[in-house]
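J.: Sequence:
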Amino acid sequence: MELKTTKAVRDRILKSTLYISVTVHLFTISVSWVAFFWSFCLVCLFFQLGAMSQGYAIELYFDPALENQVLKAWNVLARRQISTQLIEIESRPHITLFSSPYFDPSKLENIVKNFSPKQESLPLSFGSIGCLPSDDNVLFLAPTPTLSLLQFHSQLFDAMKKEGIEIAEEHRPDTWIPYCPVAEEVPKTRMGEAFTVLRDLKLPVAGYAMEIALVEYPPVREVFSFVLGEPWRN
Numbered sequence: 001m002e003l004k005t006t007k008a009v010r011d012r013i014l015k016s017t018l019y020i021s022v023t024v025h026l027f028t029i030s031v032s033w034v035a036f037f038w039s040f041c042l043v044c045l046f047f048q049l050g051a052m053s054q055g056y057a058i059e060l061y062f063d064p065a066l067e068n069q070v071l072k073a074w075n076v077l078a079r080r081q082i083s084t085q086l087i088e089i090e091s092r093p094h095i096t097l098f099s100s101p102y103f104d105p106s107k108l109e110n111i112v113k114n115f116s117p118k119q120e121s122l123p124l125s126f127g128s129i130g131c132l133p134s135d136d137n138v139l140f141l142a143p144t145p146t147l148s149l150l151q152f153h154s155q156l157f158d159a160m161k162k163e164g165i166e167i168a169e170e171h172r173p174d175t176w177i178p179y180c181p182v183a184e185e186v187p188k189t190r191m192g193e194a195f196t197v198l199r200d201l202k203l204p205v206a207g208y209a210m211e212i213a214l215v216e217y218p219p220v221r222e223v224f225s226f227v228l229g230e231p232w233r234n
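Residues in the sequence shown are numbered consecutively from 1, following this note's numbering.
Mixed in with the good hints, there may be bad ones.
As the list claims (entries may be wrong) - DSS-like cross-link-like pairs, simulated, lysine-lysine; straight-line CA separation at most 25 Å:
(1) Lys188 x Lys113
(2) Lys202 x Lys188
(3) Lys113 x Lys161
(4) Lys107 x Lys118
(5) Lys162 x Lys118
(6) Lys202 x Lys72
(7) Lys188 x Lys72
(8) Lys161 x Lys118
(9) Lys107 x Lys188
(10) Lys72 x Lys107
What the hints assert, rightly or not - Quick list of the computed label-pair ranges, beta carbon to beta carbon:
(11) Pro231 x Pro64: 32 to 42 Å
(12) Glu193 x Ala168: 12 to 22 Å
(13) Trp232 x Ser154: 15 to 25 Å
(14) Thr175 x Gly127: 32 to 42 Å
(15) Gln155 x Pro218: 36 to 46 Å
(16) Asn68 x Leu150: 23 to 33 Å
(17) Lys118 x Arg172: 28 to 38 Å
(18) Lys202 x Trp232: 12 to 22 Å
(19) Gly164 x Ala206: 31 to 41 Å
(20) Gly192 x Leu147: 32 to 42 Å
(21) Gly229 x Ala65: 14 to 24 Å
(22) Pro101 x Gly130: 41 to 51 Å
(23) Tyr208 x Ile87: 34 to 44 Å
(24) Ser100 x Gln155: 11 to 21 Å
Just so you know, the hints here were simulated from the structure itself, not pulled from any lab data. Given the structure is predicted, the values throughout are model-derived calculations rather than measurements. The beta carbon of each residue, even a glycine, is placed where N, CA and C say it ideally should be.
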């Protein structure tokens with residue numbers, strides 16, 4: 001009788017031990033899946049943040065003929081594998097008026113919507129080639145800084161300042177340098193070749209600024225645009 005009791009107790013202990021072991025194993029698996037799930041979520045969040053906009057810019061767009069002249073330079077530089085950056089980020093030929101990571105698009109839309117009908121298309125003439133001395137190695141076409149272009153920028157600056165929008169030093173009227181980028185991230189060893197390609201454009205190239213737009217980047221996505229001198233329509 002005592003032997004049977006001892007055997008029964010031993011069997012009960014073994015069953016309890018097995019139950020505890022299985023429970024611990026299942027708990028470990030559950031914890032592992034939870035850890036995997038949250039790790040996966042963090043990775044997704046990382047890639048989502050990486051894909052988010054790094055900033056906003058207000059840009060001037062050109063008439064089709066002038067835009068095609070600039071695109072011709074982009075394409076030649078791309079075919080020679082000197083620079084494809086502007087094409088890859090889906091940019092358009094433009095002059096940047098303002099740029100910042102902190103713009104409120106809805107607030108800017110109201111400003112530009114009220115500003116653009118009061119303006120006229122701006123004559124532009126790009127007569128020289130320049131380079132920004134930075135890690136990005138940007139090559140650009142420089143327009144003649146006419147009074148109409150400078151006044152246009154200054155008036156937009158005043159409209160934005162009136163609404164309390166912070167504007168970086170390089171985009172203030174007294175320090176702003178207008179230019180149209182034609183190449184970015186040019187290898188230093190190929191800068192000379194890039195300049196030669198741009199000289200083949202037979203400068204000056206001339207036309208008009210026809211539109212004002214807000215874009216987010218990169219890649220470039222147009223948030224809104226308005227034709228200069230035309231009343232806004234719903």
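J.: Which hints, by number, does the structure contradict?
T.: 1, 9, 10, 11, 12, 14, 15, 17, 18, 22 and 23
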